[in-house]
Amino acid sequence: MSAQSLLWVPVLVPLAVAVFLLPLFRKSPRAAAGIGLAAVAAAGLAIWVAAPSSPGVSIPWVEGFTIAFSLTGWKTFLLGFVFLFQLLALVYTLGAAMRPERPYLHLFALLVAFSSTYAVILTDNLMVLVIGWELFLVALYLLIHSGGAKAEAAAHKALVIGGTSDFLMLLGLMFYFQLAPGGGMTAGVDTASGPMAFWSFVLIFLGAGAKAGMFPFHTWIPDAAEVMPASGFAALPASLEKVLGIYFLFVVTQRMFVIDAAAQTVMFLFGIVTVFVTIVPALVEKDLRRILALTAISPVGFMVCGMAVSEAAGVAGALLYMLAHAAYKSTMFFAAGNFVEKAGGAGLDRLLGIARSMPYSGATFFLAFLSAISLPPTGGFMAKELILEGALHGGHLAVLALLVVGAVLNVAVFAKVVAVLWAPGGVNRGEAPGACILAPLVMGAVAVLGGFIFSRSDALVSSVAGAHGPGLTGNVWHFSILAVVSLGIYAVGFMIYASARTGRASAAETFASLRTSPVLGSVLTQAEAGRFDGYEIGVRTVDAITRVVFRFIERKIDVVGAGVIALGCAVLRPLLSGAHNGIYGNYLCWALVGFLVVLFLLFGSAA
Amino acid sequence: MNNEVLLLFGCGLLLMMVGVYMLVLYRNLIRLIIGVEVVAKGVTLVFLAAGLFRQDVAFIQVLIVTFIIVETVLAAVMLALVVGVHRIYGSLDIRHLSKLKG
Amino acid sequence: MLLWVLLGLLVLLAVGACVFRDLLYVAISLALASAVLAGLLFHYGANIAGVFELSVCAGLITVLFVSTVSMTKDSDQGKETRMGRGFIPLFLLVFIGLDIFIVRWLAGALPEIVPGAGSGSFQDIFWTLRSADILGQVVLILAGVFGISALFRLKAKEKKHE
Amino acid sequence: MESFIGWILLVPPVAVLLMPWASRLGRWAANTLAVVAAGLPLYFTLRLIPAVGGGLEYELFGARFALDSVSLLFLVVVNAVAFACMIYATSYVSHLGGRGKFFALLLIMVFGLNAMLLTRDLFSLYLFLEVASIASYVLVAFGLEHDGIESAVKYLLLSSVATSMVLIGIMLVYMNAGTLEFASLAAALEGTGGPVPGMLLLAAALFIAGFGLKAAVMPFHAWLPDAHPSAPAPISAMLSGVVIKVAGVYALARIFFGILPEIGEVRTVFLVLGTISMIAGAVLAYFQRDFKRILAYSSISQIGYILLGLGLGNLLGLIGALFHVFNHALFKSLLFLNSGAVQYRLGTRDIEQMGGLENRMPVTAATSVFGTLSIAGIPPFNGFWSKLFIIMGALAAGQTAVATLAILVSVFTLGYFLIIQRKVFFGHLNEKWRDIREAPAVMSLAVILLAATCLLTGVFFHSVTSGIVEPAAVILLGGN
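Protein chains in written order, with the working numbering: chain A, 1 to 607; chain B, 1001 to 1102; chain C, 2001 to 2162; chain D, 3001 to 3480.
Hint data in this document are derived by calculation from the structure and do not stem from the laboratory. Careful: at least some of the hints might be erroneous.
[Unchecked claim] Below, computed lysine-lysine pairings styled on PhoX-like, alpha-carbon distance capped at 25 Å:
no.	chain 1	residue 1	chain 2	residue 2
1	A	Lys-150	D	Lys-3423
2	A	Lys-150	D	Lys-3432
3	A	Lys-157	D	Lys-3423
4	A	Lys-157	A	Lys-27
5	B	Lys-1101	C	Lys-2073
6	D	Lys-3423	B	Lys-1101
7	A	Lys-27	A	Lys-150
8	A	Lys-286	A	Lys-342
9	D	Lys-3423	A	Lys-27
10	A	Lys-286	A	Lys-150
11	A	Lys-342	A	Lys-157
[As the list claims (entries may be wrong)] Not everything, but these chain A residues come out facing chain D in the computed CB check (under 10 Å):
no.	residue
12	Phe-77
13	Ser-193
14	Thr-265
15	Arg-573
16	Gly-582
17	Phe-600
18	Leu-601
Here the structure is a predicted model, which means the values were calculated and not measured. Every residue gets a Cβ at the ideal spot worked out from N, C-alpha and C, and that includes glycine.
Make the full structure from the sequences, and use the hints.
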């Protein structure tokens, strides 16, 4: 097989397996998962074999549109991660004793999602990208649906929100086709060139951001997290969807458009709002899966801001953060899936100390935690540093300050989670099956070793992000003002957490487990000394803000959506359905009036 | 010649309008079918006018014969349906035939 | 002059089909209109069409109507809307006005034609030029036969139940 | 090769003549005769695909017929759907009675549609349209119940006005050209660059209204949502899948793209009516609670897409419209046959009373998922490609607003079909239907055939479009 034809394999094989082979294994989910695994492995192998020759296919289709696929070094790098997510999601599914209520639908949706992800990343043509994009939405809907009857509302919500944002994006793409016909991706339209270019950019940006989970299209994610099977959530909303969204955002901001100050402001606005609108509720949330889902949204704000600063460091940071975040968040979801399975619920009160009785799952969660709070040398650290560096060099100091505050709260949230999971006491419940530990273990290792991996691919990342030369990722290891800021982030984050904890629960014992960690120890000791009591007021204020945010912004988005639909029904139903009243004379009159209208249209312009 | 053509054409259209008037306003199914027949008479007149205009009456009368056969078969099927309506509803009022709506 | 008389008669009979209360008179009015139409066809030399119009439309269809009327005479026929009959003079005027407008427009729009040689005799046209229509007519009659027998199979069904 | 055209035309009527004798012989004889008589035209049509080239002529006892790519595309659709419906009907008709008459009328309908496609004369087109229509009126009322008879009466009375309009239009054209044969008509009417004569504009309006009513375009659509749900399922499938397209869309396409000179306003009218039908049909479908009525309104919506594609007038739009004719015939008849299977077992069409049939009727459920994905335009199913062509055609024609609406309606379509899926096949099993079984094997066979064709057409869409759709579109555009 030539390298060109190998490019079809990752797109077509999972799809073909899903449609033709899976139905044969409805009765035995494990065999079906095995076949899915084989399909993904085949896709990965094809990429592996094809990558060295950087092939490209371009099939002329109809009038001016071509189906184009290509594989470059950068895409291979990205697809390597995608492949890893897929493989481990399937491995986890295989081991998870079939937790989803509809295993067949679950696997089907996973494979379709994989195929569409490959299509989106491999293609060089916007038309094909849109096809893959929509296919992904359908896969997501089916995947949420596989959670059973209780998941239907969430699935519906996801479909409505996804459909709306995709519609906005298509609208933007239509403007774009007028500006740059042909469906290619590298036109570089200047957003300052006119209102059409600007609005086209804003609409496409909203669509791409929505796929990644950006405000205001994020509200379905926490709902879905509650009802989706763990492997499903780890595979789609936590990882692949972010990869697709941010990848496309990268294409939009760096290839399709040249962004000006106004477009930049729009991006900052949405980015910052996204950070705070989710991280603040996460502080007070009491359900582990919802916390993980909410903290999967706020990094999107970071990535959007990183893309917006238009500095090579910011872009590279956003791209790396996308990968690092996907790695640590799917690890956390895998581990959380194990916890929830054993504990029988995702409430934090049920999960007290569960990591002690499940040491391996707990260990994987801890690996992910290190990356999540961006400790060096994890991937999370490098990515966040690059974004902050981009903001600093770009001169966006206000953005930098707000991002730092967001990072601080992020640390506080994860500190709370870890404290709960390692709290003393609790019942010994036994460990999860091997495949369910293997998946998060590998992924957690990737998350922690991310900094190393990213450093190794420095040349690639630098060139893609548009730096003048290599060495972009090396910069973060040098001591600078940002290093101080980072240290500040950890410190303040833990202090906030600690002060909120004091006097509420058995906080001393909680910290005892954390104190073993070499880096955190000193910070925690200070917190234990009670120096930061005054912050409790601040936390209460945050609590109040949270309620305001929830009641007046987040929930209102849903209310408005439902209202529009209800209003449409109320107006159209009597108008259209009522007109069909079964009276023959009326029907004949419509036809005659229609005839007169046609007559008028034909003669009107002639006269 | 053209005046006769126009007269026939106009008379045909007038008959069609009267037929459609019956179809819109009347309720009794048999009257509606009479309306369809009146429309058909109008169409026949228009056929005749067209043939006269092209001075090819022989050609147009073939079409008229075919049309008469169509009309007859249609009338027969319609009347059979009317008998069916009568069996089920016991009424021939088309306003009562409004179960299907929405 | 004969043309005006025949056309006037035709319109009057068609309007008669609208206004008579008794369905039998309506059917007869329609039959007479068919007969007048047949006269028109004879007048222009469309003899065979005239014969068909007279025998099939004035004859067969009227028989069908009358038998249907007698088969359904126990239904409530008294509730016919008054609007139909009451407004007919008004609407007739409107229709005639509209008709005159259309015909005047048409008089200006008629194309100039060069009279052709004609298509030949009835037999030539019917059997050769338009022989596809014969196939159509045959199947059409088959459709009528099967259709009516299908619609009347209710009788057999009901008899079984009785 | 040309003689195949004669076979396509003559096999169904001969079978109709034999039908009373066969149904006296027994059920099997009638079934065999019907399936063979529906299968042979399909076989000959498929054999004709490679041979069609620039067109074939055929003379049957002096009657002239002809075949080109446009006719061929529609012939494939008619005979494929008719074959599946006939297989299905052999089992379905059992509870209606009158087996022989049903088959005979269905074959007459198929004959009428095939002859409409093969004839090259405007008046013959009308005559064969009337043949197919009369068969369809009776078939709609075939169940002899309230719904069927009521809708058949309205269908017939509305259609009679429409066909009168068509006849007046034909006469206006005849007065202008002095002939009714397509090729000489086109030559006689060929525009001289000046404005189109007023009589032809009037004829155009009459054709749009008349054939528009047959195609159930808004606002001429009112008979469809009554007639299609009330008919027996195979007939609903034929009506929605085939009849409205041949009697409406094919006739419009032939007349406005082959015979009448190009009238710019007609394009606008098609676009306007198409867009209205597309939107209003989808909205109305959303409000329904009757399985088959949803499908019927969705047919109006899909006809809107097709008309819109015709109205765009560029190659992409025409390819999209013709391909959508092909695809809609497949998936709409599939969905109607599925709804028929559900009604056959449950005795109701109200989707609120259903639920959880997934496990009771797995074949029906699975195939209807195929149909749903196709009609909503989800890749790789066939409906996706044709809608994509239409949307790309709209973009190429600069009709951005229309393209946007088309996408929006497509999302809406997915919405109400997912409602069907959820209420009928998924969710909790209604206790009432605990003992429901899958539909008879023959009925399942027919829907599996259609579902497989949907998927294969979607996957190998390029072969279909370049093989039979694109030549047809090129002919409509006036090339060869």
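### Message
Take the shortest C-beta to C-beta distance between A:Thr-265 and chain D; is it under 10 Å?
### Response
A:Thr-265 check fails; min Cβ-Cβ to chain D is 27 Å, beyond 10 Å.
### Message
Next item in the hint list is A:Phe-600. Is there a CB on chain D closer than 10 Å to its CB?
### Response
OK, holds: A:Phe-600 within 10 Å of chain D, min 9 Å.
### Query
Given the hint that A:Lys-286 pairs with A:Lys-150, does the C-alpha gap stay at or below 25 Å?
Holds, at roughly 20 Å.
#### Entry: Evaluation of the interface hint that places A:Ser-193 against chain D, nearest CB under 10 Å
With a minimum Cβ separation of about 19 Å from chain D (threshold 10 Å), the hint on A:Ser-193 is violated.
### Message
Would the hint linking A:Lys-150 and D:Lys-3423 be met if the CA-CA limit is 25 Å?
### Response
Holds, at roughly 15 Å.
### Query
Within a Cα-Cα threshold of 25 Å, do D:Lys-3423 and A:Lys-27 meet the stated pairing?
Holds, because 24 Å separates the two Cα atoms, which is no more than 25 Å.
### Query
Does the CB of A:Gly-582 sit less than 10 Å away from some CB of chain D?
A:Gly-582 check passes; min Cβ-Cβ to chain D is 8 Å, inside 10 Å.
### Task
With a cut-off of 25 Å on the C-alpha distance, tell me whether A:Lys-157 and D:Lys-3423 pass.
Within the cut-off at roughly 17 Å; holds.
### Message
For the restraint on A:Leu-601, tell me whether the closest CB of chain D is nearer than 10 Å.
### Response
At about 5 Å, which falls below the 10 Å cut-off, the nearest Cβ of chain D leaves the hint on A:Leu-601 intact, so it holds.
### Message
Restraint: A:Phe-77 near chain D, CB-CB cut 10 Å. Satisfied or not?
### Response
At 27 Å from the nearest chain D Cβ, A:Phe-77 fails the 10 Å test, so the hint is violated.
### Pairwise hint evaluation, D:Lys-3432 against A:Lys-150, where the allowed Cα distance is 25 Å at most
23 Å, holds
#### Entry: Hinted pair A:Lys-342 and A:Lys-157, Cα distance within 25 Å
With Cα atoms ~29 Å apart, A:Lys-342 and A:Lys-157 exceed 25 Å; violated.
Against the hints set out earlier in the document, violations occur for numbers 4, 5, 11, 12, 13 and 14.
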